[in-house]
Amino acid sequence: MSAGRRRLALSGAVAIALLILPLVGNNYLVSVATLALFLAYAGQAWNVMMGFAGQLSLGHSLYVGLGAYASAGLFVHFGIGPWAGVWLAVAICSLAGAFIGFLAFRLRIAGVQLSLLTIAFAELARIGFDHLDWLGGPGGLFLPVSERSHVDLLAFRGPPGTYYYAILLLTAGALALCAFLLRRRPGYYWRAIREDEVAAQALGIDTFRWKMFAVVLSSAMTAVAGVFFAFYNNSLFPEQSFSFGRSIEIMLGPVIGGLGTLFGPIIGAVALVLLGDGTTELLAKTGVDLPGIRQAVHGVLLLLVTIYMPNGLWPPLARVLGFEPRRL
Amino acid sequence: MPLLEVEDVSKAFRGLRAVEGVTFGVEGHTITALIGPNGAGKTTLFNLIAGAYRPDRGQIRLRGKAISGLAPHRVCAAGIGRTFQLVKPFAGMSVLDNAIVGALAGERTIAGARTRALAVLERLGLSAKAHLAASRLTLADRRRLEVARALATRPSLLLLDEMMAGLRPTEIDELVGVLRNVQREEAVTILLTEHVMRAVMALADQIVVLHHGQVIARGEPAAIVRDPAVLECYLGEDAIEESTKDETKDEIMTAPVT
Numbered sequence: 456m457s458a459g460r461r462r463l464a465l466s467g468a469v470a471i472a473l474l475i476l477p478l479v480g481n482n483y484l485v486s487v488a489t490l491a492l493f494l495a496y497a498g499q500a501w502n503v504m505m506g507f508a509g510q511l512s513l514g515h516s517l518y519v520g521l522g523a524y525a526s527a528g529l530f531v532h533f534g535i536g537p538w539a540g541v542w543l544a545v546a547i548c549s550l551a552g553a554f555i556g557f558l559a560f561r562l563r564i565a566g567v568q569l570s571l572l573t574i575a576f577a578e579l580a581r582i583g584f585d586h587l588d589w590l591g592g593p594g595g596l597f598l599p600v601s602e603r604s605h606v607d608l609l610a611f612r613g614p615p616g617t618y619y620y621a622i623l624l625l626t627a628g629a630l631a632l633c634a635f636l637l638r639r640r641p642g643y644y645w646r647a648i649r650e651d652e653v654a655a656q657a658l659g660i661d662t663f664r665w666k667m668f669a670v671v672l673s674s675a676m677t678a679v680a681g682v683f684f685a686f687y688n689n690s691l692f693p694e695q696s697f698s699f700g701r702s703i704e705i706m707l708g709p710v711i712g713g714l715g716t717l718f719g720p721i722i723g724a725v726a727l728v729l730l731g732d733g734t735t736e737l738l739a740k741t742g743v744d745l746p747g748i749r750q751a752v753h754g755v756l757l758l759l760v761t762i763y764m765p766n767g768l769w770p771p772l773a774r775v776l777g778f779e780p781r782r783l
Numbered sequence: 002m003p004l005l006e007v008e009d010v011s012k013a014f015r016g017l018r019a020v021e022g023v024t025f026g027v028e029g030h031t032i033t034a035l036i037g038p039n040g041a042g043k044t045t046l047f048n049l050i051a052g053a054y055r056p057d058r059g060q061i062r063l064r065g066k067a068i069s070g071l072a073p074h075r076v077c078a079a080g081i082g083r084t085f086q087l088v089k090p091f092a093g094m095s096v097l098d099n100a101i102v103g104a105l106a107g108e109r110t111i112a113g114a115r116t117r118a119l120a121v122l123e124r125l126g127l128s129a130k131a132h133l134a135a136s137r138l139t140l141a142d143r144r145r146l147e148v149a150r151a152l153a154t155r156p157s158l159l160l161l162d163e164m165m166a167g168l169r170p171t172e173i174d175e176l177v178g179v180l181r182n183v184q185r186e187e188a189v190t191i192l193l194t195e196h197v198m199r200a201v202m203a204l205a206d207q208i209v210v211l212h213h214g215q216v217i218a219r220g221e222p223a224a225i226v227r228d229p230a231v232l233e234c235y236l237g238e239d240a241i242e243e244s245t246k247d248e249t250k251d252e253i254m255t256a257p258v259t
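Residue numbers (the working numbering), protein chains in the order written: chain Y, 456 to 783; chain A, 2 to 259.
Keep in mind that the hints were calculated from the coordinates and are not lab data. Note that the Cβ used here is the ideal one computed from N, Cα and C, for glycine as well. Be careful, since some hints might not be right.
[Claimed, not checked] Pair by pair, the computed Cβ-Cβ distance ranges are: (1) A/Thr116 / Y/Phe597: 53 to 61 Å; (2) Y/Met764 / A/Thr116: 34 to 42 Å; (3) Y/Phe554 / A/Asp57: 31 to 39 Å; (4) A/Ala13 / Y/Leu757: 47 to 55 Å; (5) Y/Val755 / A/Asn39: 47 to 55 Å.
[Unchecked claim] Partial chain Y-side listing against chain A, Cβ under 8 Å, derived: (6) Arg638; (7) Arg639; (8) Arg640; (9) Arg646; (10) Ala647; (11) Glu650; (12) Asp651; (13) Ala654; (14) Gln656; (15) Ala657; (16) Leu658; (17) Gly659; (18) Ile660; (19) Asp661.
[What the hints assert, rightly or not] Sample of chain Y residues with no beta-carbon within 12 Å of chain A, all distances over it, derived: (20) Val567; (21) Gly628; (22) Leu745.
Work out the full structure: start from the sequences and follow the hints.
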């Protein structure tokens, strides 16, 4: 079989497996797959900013939280569904991203300082939402959960498969968008900025404008993850919505899977969830309950990948499978 | 009217006058070399022209249009391409992609930029290495890539900063040939700074000599190497007294620097 046909066959098999998963798997499997895809999608969004444009955000939970609270607030207080709410979420997160980006890039805050700034804004939001009683404050904001057996697409309510297919569609869409952008001017300019910003400027690239584009696109994409998070979880707490731990979890996927690659965020998220939750489940089956084992497994995985596969899991995997590694 | 006009330009850093009242012009389709001892202000002057610094005083014009104070990406859009003494390749990208980034400045589509990039790589003798990662190139090839990338933006003026530093004599001779070819075929004007006098003598139509931030001489290469002021700043007064014969001076100024 030629390399092209093998790639096609493999891609087809993966696509079919992903499509029929809720039909053949139990609820547990579907929930684990949904979590993996959620991290894959959010990781893909984070990867736009760091993997492509080289701007490190350690506070992406800010956009998950803002997106979640924006859509949940509309739904709880005004009965406005997620299809309208997602636009508000995207608008708010784009503005937040633009504000942070503008502040950082105009004042020439870069590298470590930029990362600290993103953490600061996520923390600011966490504390701020603790005092926002209209959105539940520290006690949490709860979305009314109705009958879960039939699919209500308008209110984004239904059995677990509904959410699985929604996040699968989002992940596929994000992948297609990133593949499109990478092959065009934004992809070339972002990678140039990532590799050497001064040289990029000398070649006529308005680096401020293109970095802003990366930040705003990344935050807007993450906003949608936030909306999903709100309607999937049905409960929001500032403590977990804006947590630093979530920011780390979002970036672990791309880092482990392959920074700046198209499939890295997906492969990384799947590896994290399979190993992390797999170990937890396995231990639970044998009657052992080790709190924090999931994070410990993530840490060990990160350590091993950093030492033995510094470019992430995807580039070597892609070579084995006959795909061109797209370390672009 | 000269293509580039530098008029009474000054720049100081915390009281240190790096460039002081510098005036000169660069005619179109020529090669001008900016020489001078270390610390003479050559790189500062380059950065002033390329938009990395804003001059404290004076005007810089390209085709009569003021460009002093513009941001680097606007200077590029105005028609100036530059290389860096400490090379700055996009290390994680292929040689071809490096050139495509430059070509996108003047091309609307990726396909157009790719065509332009391939032509420029051919011109610089990098075609065979187009699909290598830029990080795998030798220093000499990285310098070529810097030129290719800048040239891909279709500049009218190319600024080359110390292209020959750290290269072997054979690499220098090859690069001199390549640059002559580039200047002729691409109908581009070149302003370069250089310490390697052999390269300067082989390339330059005009030499501008900078010392302590000021222009102490300018003219054709043959005249510059006999200019007492130039010899003094390069070799010290004693050298002039000792070297009474012209051949000696020629040898000092044109011998390869190793």
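*Find the hints from earlier in the document that the structure breaks and name them by number, from lowest to highest.*
Failing hints: none at all.
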